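Make the full structure from the sequences, and use the hints.
Here the protein sequences come in this chain order: A and B. Note that this note's numbering gives residue 3 to position 3 of the first sequence, counting from 1, and the numbers run on in steps of one. Note that this note's numbering gives residue 46 to position 46 of the second sequence, counting from 1, and the numbers run on in steps of one.
In short, the hints are calculated from the structure, not lab data. Some clues are possibly wrong.
Here are the simulated lysine-lysine pairs, DSS-like style, with alpha carbons at most 30 Å apart [said to hold, decoys possible]: (1) 70/A <-> 26/A; (2) 26/A <-> 69/A; (3) 57/B <-> 70/A; (4) 57/B <-> 69/A; (5) 56/A <-> 26/A; (6) 57/B <-> 26/A.
All of these numbers come straight from a predicted model, not from anything done at the bench.
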Amino acid sequence: SQQGEEDPQALSIQEGENATMNCSYKTSINNLQWYRQNSGRGLVHLILIRSNEREKHSGRLRVTLDTSKKSSSLLITASRAADTASYFCATDALPGGSYIPTFGRGTSLIVHP
Amino acid sequence: KAGVTQTPRYLIKTRGQQVTLSCSPISGHRSVSWYQQTPGQGLQFLFEYFSETQRNKGNFPGRFSGRQFSNSRSEMNVSTLELGDSALYLCASSLGTGGTDTQYFGPGTRLTVL
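This is the structure:
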């Protein structure tokens, strides 16, 4: 099963509203990353947050990490139509010491102009 | 600085054939990772190469193989293609290995197996 699971699977909002996506994972991690993917194209890296960090900001993006709950959230403030994309969280699962990057299934965000 | 490039962008093959995909990382990046993305299974890690050595491997059959050259360019090969191999294949490059650095993704190769 997926290490990271995003919630909700789909989100539809109006331009200017905030969008919040959540990610839960199962095993201990060193870091967690959020990516954006526009329809069938490559992924764009958004933010990397390390296990000893609780919150990071980048422009209109805010990521939080709660290692006790094994969860992270991505907040996009003042959303724009151009934010329409799928958003994925990725964790660095380390079964037996090997690095296996694991992605969730993503949240599909639609921002209506 | 040029981004990650992948060739070809689109490919159509028939069952039983083999295919080779190519990935050129960002200049200076020594790690290249490959992923398979399908609607059913999502994004799955295939393997990672660093300095011409496979460092990590996902849970895929031996039909999927790869290699990395001294200039860090990487190729992925899939032999005896199956219908289920139809997917978007993404490669990503990073400075270091083991998930310590940001990965930069290419646009992907869309493989269709008929």
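The hints, checked one at a time:
About 7 Å separates the Cα atoms of residue 70/A and residue 26/A, which keeps this hinted pair within 30 Å; it holds. The straight-line distance between the Cα atoms of residue 26/A and residue 69/A is roughly 9 Å, inside the 30 Å bound, and the hint therefore holds. Using a Cα cut-off of 30 Å, the hinted pair residue 57/B and residue 70/A holds, with the two alpha carbons roughly 24 Å apart. Under the criterion of a C-alpha separation no larger than 30 Å, the hint pairing residue 57/B with residue 69/A is consistent with the structure, at around 28 Å.
At most 30 Å may separate the alpha-carbon atoms for a hinted pair to count; residue 56/A and residue 26/A meet this at roughly 21 Å. At roughly 20 Å between alpha-carbon atoms, residue 57/B and residue 26/A fall within 30 Å of each other, so this suggested pair holds.
Hint check: no violations occur; every hint is consistent with the structure.
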